[in-house]
Structures are given as structure tokens and as C-alpha cells.
Amino acid sequence: MTEAIYPQVRIVSTRFLRPDTVEQLLNRLVQVGGILRMSLTGQNLPVTVPYGPARGKPNLHPDRKVIRVGDQDVQLQVQVGNVILELEDESYIPAVEEAVDEVFASKDFSCTVQRGRFMKTQPTVSDYAKYGPDADKEILGLVDPRKKEGPIIIQGNK
Amino acid sequence: MNEVKENMAYKPQYGPGTSKVAENRRKQMNPNQKLEKMRDVTDEDIVLILGHRAPGAAYPTAHPPLAEQQEPDCPIRKIVTPTEGAKAGDRVRYIQFADSMFFAPSQPYQRTYTECYRFRGIDPGTLSGRQIVECRERDLEKYSKELVETELLDPARTGIRGATVHGHSLRLAENGMMFDMLQRSVLGEDGIVRYVKNQIGEPLDRAVAIGKPLDEKWLKAHTTIFHSLGSTAYRDDAEYIEYVQRIHTLRTKYGFLPKEA
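First to last, the protein sequences are chains V and B. Residue 1 is where the first sequence starts when you use UniProt numbering, and the numbers rise one by one after that. Residue 1 is where the second sequence starts when you use UniProt numbering, and the numbers rise one by one after that.
Quick caveat, the hints were computed from the structure, so don't treat them as lab data. No false leads were slipped in.
In silico BS3-like cross-links for lysine-lysine, where the CA-CA straight-line distance does not exceed 30 Å:
1) 212(B) - 57(V)
2) 20(B) - 145(B)
3) 107(V) - 212(B)
Which chain B residues face chain V? A few, computed with CB under 10 Å, are given here:
4) 166
5) 167
6) 170
7) 171
8) 173
9) 176
10) 179
11) 181
12) 183
13) 197
14) 198
Backbone N, C-alpha and C define an ideal beta-carbon position, used for all residues, glycine too.
Only chain B is shown next, with the shape it has when bound in the complex (with noise of 0.2 Å):
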């Protein structure tokens, strides 16, 4: 994992606001600060949910592993130290996320700029209403574990969805689920949630639970998003609001190039 080094000439702010939420977005990109863990969810059950190789199979590669072949002589590749999984030539896989916008822990800028802070290798994409992270197949593993696993990821209101997302944006269910068409994530009468496909909707041989959803009260206090409706609106994060207006006047003036005098 990636750490702030002391020996930095800033101390790195992450992101302005004073408001509980944007609070709560500095706590996930700072990667000094350990994220809460919520859950136990073992190594198989997210070989399971990803879905791109049977648990216990080994890892397809693309490429033979770095010490085995000719490396050109390049000061770049002294530099940087491989990740397990590009040392052993990997695949690259993805895991992908949609956040409801009730009060879900996160959403997908923030990921982004969470996982950059917090994890080395990785290729993040981030749309309106889905986060999709690319990697090396056995460090998607291993990121993917923290990612389910911490206070990144509610059962309800966040889905693993490689494809057919759409739900974010949509009243939740009765029973407090975010909507999907192909109900990939289903809560059990005990209510524990409950994954019964894979994150691209196909069955699994048994569903892997991923615990209890949160509650609405840990969930306002904990979400990055802000909301005008029960929540933090973003209007009254005064600070926030003057630190966009200022990064949207500084590139819309620099649109024309002005020269100092």
C-alpha cells in the first residue's frame, strides 16, 4: 500500500470542505488513515463475485513472468518495483462498483481518488454512475478484498456490477436495496445480504453473503455524497463551494492564455 512519507516538503490536504462529508472524503483518501473494517468476506467468495476464474485455479498470465524474460534497459523499469501481479505476468481484470445516491459510503470520483492514493497498478475509470477499476488479476484480488470488505462498501446501497449498472440514480426497494435488473445481490429474511451471480449476472453455485446493510443513521454519517435531502447539501460547505469556483475560474482563464504584464 501506498504511504504519505514523512520527509514531504506539503503535507498533502486531499480535499477542502468542513462539512461531515467532506470530512469523511479526506478519511478515504488519506491512506494513513485505516479504513473501518465492516466485514469478512473470504478470498473465495470475491474470486467468486468477480467471476474471471474458478477459485483455485491458477492465474492465467499474459505474459511470462518478468524474471523470466529480457527486460529492455530502461531507467523507468529500475525505478519502479513491479506488483505481484505484474511480476507474475497477469492478466488485467477489473472490478466495478455503482453507489446509490442515498447516502451510499461512496461514489465513484471518490473511489477513484481513493484508490489512486491507496493502491499502486491500477487503471480506474469513473463514470457518472459506476467506478470500474482495472489491474493485474491477483492485486485486483487483493484490492477488492479492502474494497468489499472496509466502509467503502455498503450491501445495500453499492453493487458489484461489471455489467447492466443502472440503479444509482433510482428510488431504492422496500426493503432498502438499490435497484438491479439482474438482482445480483439479494436480502435474506435473515437480513444478510446475499450475492447469488457474479458481478456480470451469472449464477453462482452458492451465494456468498457479504453481511448485514448498514443503518440509515451510520450511512448519513459516514457518506461522501453530498445531498440537499437529509444530508449535508452542498451549498453549505462554504469552503468546498469557493476551492470549485476557484479551480473553474483559474482554467476557464486559462482558456485564453493570458500572458502576464
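Just chain V, same shape as in the assembly (with noise of 0.2 Å):
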């Protein structure tokens, strides 16, 4: 759970990203620093087709990749259209929209940084009962808790 304390930003483009775009992003972001949570979201992308007459069958997606965020491996799982963080402060926010706008200058659609709360801040009676009493925190509202897979840490500058 988010402490209501963090500002939050999300960065919503006019088009679904590309997987190096996404990289590119991503460390641009990363070099901002100040950032206590990162969360992609989007359409999901199956490792198999998940229904109809092909269930079961290898998925093959071209967007479907591992990418270099810092110094770690990402494994995208959506076709990515937001990106959601949590910053230490508000001061913060004015390096992320700069960084955005550097990335996105050389492209042919629109991105915008808004700022509100996107992470729940409370389990709700669903989670509870779908993830139980000691569902991690952490994660909880961002993706399913009980995902073998944590959280992928990038370790910061500090």
C-alpha cells in the first residue's frame, strides 16, 4: 500500500509503446532518480493463447521482450501504455515531465504526465478476500500478489 505522504505521477502517451521505446523511457527515468515505485501498465500479452479454438498454443509476440532498465533484466508482460510512479517528493516532478518530453520530442504523437494518486493506498474487501490477510502490501493494487515473480529492484544512485 502507498503511503498517501508520496506524490504520484502518471505518464499516459496517445499510442501503445514499443519495447525500446519503453527502455529508452525507462532510463531516462531512472537517471531522474526519486523514484520509490514503478509500475507498467497496459494490455497483457500471454505466453500462450489464453482461448479459442488455438488454446494452449505458443503465443509468439514480437513485443513481448526483456529489457535493460539500469542495471536489470525487465520482462515485459503488457504492450505498455502507462507508467506509473511513486516519487520521493514533488520536486521530482518537473525532471520527470523534462525527461518525457526529451524522449517523446523525436515522435509523431503526444505524451502527457499527470499527477493524482494510481496506487490503491487501501486493501479493499475483494482483496482480502482474494489474496487473504497477508498478501503483500508492497505490491498489492499494482499486480496480483500471489505472482511467483516479485518486484524487480533497481537500485538507485543514492
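Hints given; two lone chains; assemble the complex.
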């Protein structure tokens, strides 16, 4: 769960992003620093065809790639549409906006940075029913806490 | 193909509206209007994308050919000429399309109207994000060829998707392609869109090229979708609104079964 004191921003582009653009954007954001948590959202890209007559067959999707962010490999599981960030304090927001403008300057579509509250602050009754009382509160509301892979930790430059 | 007879008592209007979008809709629906051919796709390519039978294989049948079986004495059967597929006893198979809301050349309701005016022996199914048409297999291949080759399809913003159709209302990808979870069609380096999977998502032995995506200007000029951002807004077509409101009022009143005084 997020602490209400931390500001959050959401980076929304008018197009779904290619893995190389995501890599470029995230590496630029990592340079800005001050990011506590980050979540990539978008449409799911499953490993196998989930339903229909071809159910269970491998789904080779060119955008389901491993990208390199900072010193970590990140397996993309979605077609990235939004990036949600939780920051240490508000002073990082102008730098994030600048970074986004820089990355999208050469693109023929726009991208905006929205301020607001985009991560869950409190578990709901449904969360309790689904995941029980011991669910990892750090990632609840961002991804399924029952997932085996934990969050990817990118070391900061402090 | 169907054609409107010259000696009909009235001239069909196909749809209301004074806007460009309304005009495009009428153009697609009118069977006397030849659809512009945009690309060449071979019969084998169509069979591959559909994925119902192997190319070159015989058509599996659901019943013996009509000529070989006893037909009941039915006046309707005497009036209606069976289609080629029905005559041969083919199975009923389908093609399904998803059209992006970002100015795709056609959309589900429009497709159904268009097909009903232009093709025989079909059973279209219309949903919000996809449109399916079922018919006898060899008729399907003939109709599919027309649906794919003409201006009803844009390689980037129209998807031939038998299952997992999600994507029509989503943002486009960076390269202008409509989102497809199974990525059946891929935009190549050379700017040509190729189907690498058949409509249900099974990989194809060879990629099927269906041409270059149409440019934004062409799409906006030929779209049949009202869109307040970037195209004609629905509310700007007063005649269309008036017609829809009239139908709405009449069917609401009819719900109360009004009696003429």
C-alpha cells in the first residue's frame, strides 16, 4: 500500500509503446531518480493463447521482450500504455516531465504527465477475500500478490 | 452478387445523412456501386488466413450435394437458387473482423448492412467490437476475397480475428497498428503488413502479405465512423440525428400499442 504522503504521477502516451521506446523512457526516468515504485500498465500479452480454438498454443508476440533498465533485466508482460510512478517528493515532478518531453520529442505522437493518486492506498474487502490477510501490501493494487515473481529492484544512485 | 432491379417501385436510399461519413456508408451498402480494389490477395492466401482447410484440400461436406439427394416438394426451394456452396453441400464456416475506432474504413453494423445488400446465403453476427459472417465454405472464400481486397479493409486498422478480438477501442500501437494480443499481423520494415498467424492465432507456414496500411488522409476521407475527434461528429449530421430520433420515438410509442382514434 502506498503512503499518502508520496506524490504520484502517471505517464500516458497517445499510442502503445514499443519495447525499445519503453526501455529508452525508463532508463531516462531512472536517471532522474527519486522513484520509489514504478508500475507498467497496458494490455496483457500472454505466453500462450488464452482462449479460442488455438487455446494453449504458444503465443509468440514480438513485443513481449526483455528490456534492460538500469542494471536489471525486465521481462515485459504487457503492451505498455501507461507508466505509474511513486516519487519521494514533488521536487522530482518537473524533472520527470522534462525527461518525458525529451524521449517523445522525436515521436509523431504526444505523451502527458498527470499528477494524482494512481496506486491503491488501502486493501479492499475483495482484496482480503481474494488474497487473504497476509498479502504483500507493497505490491497489492499494482499486480497480483500471488504471482511468484516479485518486483524488480533497480538500485538507485544514492 | 445482388443487384437492385431497375423496375423496383422505389429507389433504395440505404441510409440518411448529409455528411461525408453518411455518404461513405451509402456507398458501401449500395450493391450497384463497385467497391474500390485496393490490393491483390490470392485465393490461397485467403484460405491460409481463414484456417478452415488446408490450401488445395477438398471442401469437407455437411450433406450430399443437392443434385444427389431428394428434395422435398417445397415452393420456396423452387424460387430460391442455391448458392454454389449450398449446391455442393459445404460446411458452414466464418470470417470475423475487428475494426479500430480510429477511422477504420468499416465497422460492425456497417459490415452487416453491406454484406446483406451485396452477398447471398450469409448469416452475419454483429457485436460492438467485432463482426462475424457465416456461410458455406466456398461462398465464404469468394466473399472473404472481396472483403479483404477492397476498400472495406485497411491492413493496419482492420483485423481478421476469429478469436481474441480485443483491440478495436484501444490506442493504436506506435507504428499505427491496432492492438492484437496474438499479433496475427505484423508491420514489416518495408511497410507491408503480413499475416503470420491465421484468424484463430495458429502460426502460418508462410507469411501472407496484405499490403501497405492506408494513410491517415485516405482513412479520414473514407471512414464510416462518426468521431468527434478528428473526423465528423455525429451531432454535426442533423439529418442523421433526425432520422434516428424518429425511429426511436416511433418504436417507443409502439411499445404502448397506440390505437388510431
